[in-house]
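Undergrad: Okay, here's what each chain looks like letter by letter:
There are 2 protein chains.
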Amino acid sequence: MLQDQQYLRIPGPTPIPPSVQRAMAQPMIGHRGNETSELLRSIKPRLNKVFGTDQDVLIVTGSGTSGLEAAVVNAVKPLDEVLVIVTGAFGARFVAICEAYGIRVHKYEVEWGKAFDTHEIKEHLRNLPNVTAVFATYCETSTGVLNPIHELAAAVKEVSDALVIVDGVSCVGGVETRMDEWGIDILVTGSQKAFMLPAGLMFIAVSERAWDVIRSNPNRGFYLDLVKYRDDLAKDTTPFTPALSILFGLDQALDLMEKEGFENVYARHTLMKKMTRGAFEALEVPLLTNEEDASDTVTAVKPDDFDAEEFRKVIKKEFGLSVAGGQEHLKGKIFRIGHMGYCSPADVLQTLGMMEMGLIKTGKNIELGKGVAAAQRIYLEWGE
Amino acid sequence: MLQDQQYLRIPGPTPIPPSVQRAMAQPMIGHRGNETSELLRSIKPRLNKVFGTDQDVLIVTGSGTSGLEAAVVNAVKPLDEVLVIVTGAFGARFVAICEAYGIRVHKYEVEWGKAFDTHEIKEHLRNLPNVTAVFATYCETSTGVLNPIHELAAAVKEVSDALVIVDGVSCVGGVETRMDEWGIDILVTGSQKAFMLPAGLMFIAVSERAWDVIRSNPNRGFYLDLVKYRDDLAKDTTPFTPALSILFGLDQALDLMEKEGFENVYARHTLMKKMTRGAFEALEVPLLTNEEDASDTVTAVKPDDFDAEEFRKVIKKEFGLSVAGGQEHLKGKIFRIGHMGYCSPADVLQTLGMMEMGLIKTGKNIELGKGVAAAQRIYLEWGE
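Sequences listed follow chains B and A, in order. Just so we're aligned, residue 1 is where the first sequence starts under UniProt numbering, counting upward by one. Just so we're aligned, residue 1 is where the second sequence starts under UniProt numbering, counting upward by one.
Please keep in mind that the hints were generated in silico from the structure rather than gathered at the bench. The structure displayed is predicted, hence computed values, not measured ones. Be a bit skeptical, because a hint or two may be false.
Just so you know, same-sequence chains aren't split out, so a pair can sit in one copy or run between any two.
Derived pair list, reagent style DSSO-like, types lysine-lysine, alpha-carbon separation capped at 27 Å [to be verified]:
#1 K316 / K259
#2 K313 / K259
#3 K361 / K259
#4 K317 / K259
#5 K361 / K228
#6 K331 / K259
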């Protein structure tokens with residue numbers, strides 16, 4: 001097999017554009033100097049656009065999970081009651097973090113592969129008057145579901161004063177997000193998904209209402225204390241040494257997104273979802289989620305007549321193509337294709353072309369080219 | 001369109017593997033130090049394998065054309081008579097170089113798109129007793145023809161003592177080459193094709209018989225005087241400062257080829273040719289060359305009911321996909337797809353997928369996915 005070639009189509013980490021790689025290879029700078037301040041000044045307004053907020057988007061060196069923990073330790077106090085909407089493995093992670101801090105958790109579980117129903121959440125919350133925060137996942141990476149975050153906060157506010165805290169890790173930057181307009185109180189994402197960067201940075205923004213809660217919380221930990229990050233970012237600096245190479249890369253990645261146009265970035269992700277789903281529908285291989293609940297950034301496929309793990313092994317060995325498997329009780333039952341960040345419709349076609357051959361090699365009887373052709377048709381109709 | 005993404009499928013320069021890019025970014029070294037000697041020692045035996053020769057393969061900083069000129073100025077004297085087999089634009093270049101040096105050229109012209117017939121060359125040469133060198137092109141890049149170089153020298157030797165000088169620029173490294181076994185006297189290639197490197201280095205090897213001729217030539221120029229390169233390479237050095245970054249890259253590119261296995265590299269190129277040709281046959285878009293004459297590294301397509309240039313514009317604008325146009329009298333009439341070097345069967349599928357959509361956008365009525373499916377079938381049968 002051709003060496004030094006891998007196709008990374010898991011739902012993050014995602015491939016890095018060459019110009020971002022080059023930007024990250026810049027000579028190191030001092031984290032307390034003017035160059036770092038200039039870098040942060042260049043980054044800030046673009047992060048505002050991606051989040052859809054006028055609040056400063058804080059930049060923390062850590063993984064996405066550090067962002068979920070930051071939301072919990074800053075906005076919730078031990079013994080507080082919270083509602084966590086669990087639509088998959090990442091909803092469950094919010095539960096685990098809250099429990100680690102002695103927070104009283106009400107779980108609202110949704111069948112994996114389905115989005116939550118906002119009306120049902122509202123009715124459920126009506127009976128939980130002491131809940132101070134509602135945790136939700138925007139894109140549930142483990143199932144490829146995009147939850148209706150845009151309507152959640154308005155519904156919550158009808159029945160509760162609880163803060164609305166959202167994990168946007170595997171979609172923000174790839175799907176339109178209007179934090180302020182939608183009334184989200186805390187929004188978290190990571191660098192290694194739609195931002196086309198390595199893992200290592202976490203971005204988090206906080207509403208005025210949530211800052212009031214955070215300021216009144218006497219125990220916010222130390223490294224993840226968001227007040228420190230907010231006060232320092234206002235002066236174009238950070239409380240602790242940031243992952244400067246990834247900041248160089250972030251500046252360039254935002255340049256690329258701006259050059260493409262944020263609206264076009266989001267439209268491209270929607271198109272890639274439609275192409276991927278259309279191909280598997282044409283091949284009559286079942287999808288885990290229905291059209292309405294499906295994420296623009298990751299598609300979960302649930303085969304009913306071949307082995308998902310065997311298929312993943314075949315395409316990895318034969319083509320160097322990596323897609324993700326299932327998690328928890330979906331382990332072995334699904335595979336998940338990432339189509340986000342540095343990924344084009346032409347890359348989707350290529351992934352589909354390889355997967356069709358992988359299906360044949362796995363023993364599944366399909367008509368070669370049929371999925372690719374369905375995706376091509378969707379592309380051509382989209383352009384019209 | 002997704003920024004910072006281009007698909008370079010011209011017949012060279014070709015894409016550079018990431019590990020080769022990284023190798024080329026190594027800190028600069030002195031060209032007279034031990035590090036350079038070690039680098040040359042590491043490179044030499046692998047170049048021998050690629051060329052199929054026990055002679056040292058000389059490394060000259062220059063383009064492929066500098067290699068053609070080096071062959072001429074070293075092995076031919078002004079007023080000598082030579083035979084140049086012209087199967088396309090690069091055969092014609094040998095003519096131009098010879099004429100620039102006052103060499104008397106007999107041209108043997110073959111219809112563009114066809115390979116030469118060795119028997120006919122032999123019969124032609126029978127009537128040219130004073131010819132001291134026969135020039136031929138291995139892969140004629142301008143038409144996608146792979147000439148039967150493997151049988152040329154044996155045929156020439158039957159009727160003449162002329163040296164056999166071969167331009168192997170757009171195929172050596174991608175197709176099997178046995179310089180010694182086939183009796184080639186001088187073989188030239190460049191770095192920017194099957195070697196997966198930027199342009200800037202030229203490789204040239206010379207038979208014992210040709211060295212005798214070269215030594216007796218009193219005017220070999222200066223920079224391209226191959227005796228200088230030979231004497232210096234025997235001491236693991238070069239007469240003039242070499243393009244060291246590309247040497248770093250060459251060392252890594254040869255590592256990649258060795259890791260894949262040279263036989264596998266050549267088989268991959270044959271497969272990619274078959275996939276590309278099979279796709280256009282399925283789509284009923286005519287090819288310029290017949291199966292027997294077709295190169296493993298580049299395929300020329302000659303549409304009969306759509307505009308090749310319009311098609312090239314569409315796929316460049318829509319997908320960032322570059323393929324080459326025609327040269328000289330084939331300008332506007334063909335397009336040429338490179339499938340060599342850092343290019344995999346999966347990349348060929350992707351190129352075909354994009355081109356099918358480009359055909360529709362150009363107004364050509366094709367069945368989407370049909371060419372891709374034909375290529376997939378060829379891939380799957382190949383593996384069996």
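Undergrad: If a hint holds in the structure, say so; if it does not, say that too.
TA: These are the hints, each one checked on the structure:
| no. | hint | result |
| --- | --- | --- |
| 1 | K316 / K259 | between (33 Å within a copy, 18 Å between copies) |
| 2 | K313 / K259 | between (37 Å within a copy, 21 Å between copies) |
| 3 | K361 / K259 | between (41 Å within a copy, 25 Å between copies) |
| 4 | K317 / K259 | between (36 Å within a copy, 16 Å between copies) |
| 5 | K361 / K228 | neither (55 Å within a copy, 54 Å between copies) |
| 6 | K331 / K259 | neither (39 Å within a copy, 34 Å between copies) |
Checked against the numbered hints given earlier, this structure breaks hints 5 and 6; the rest are met.
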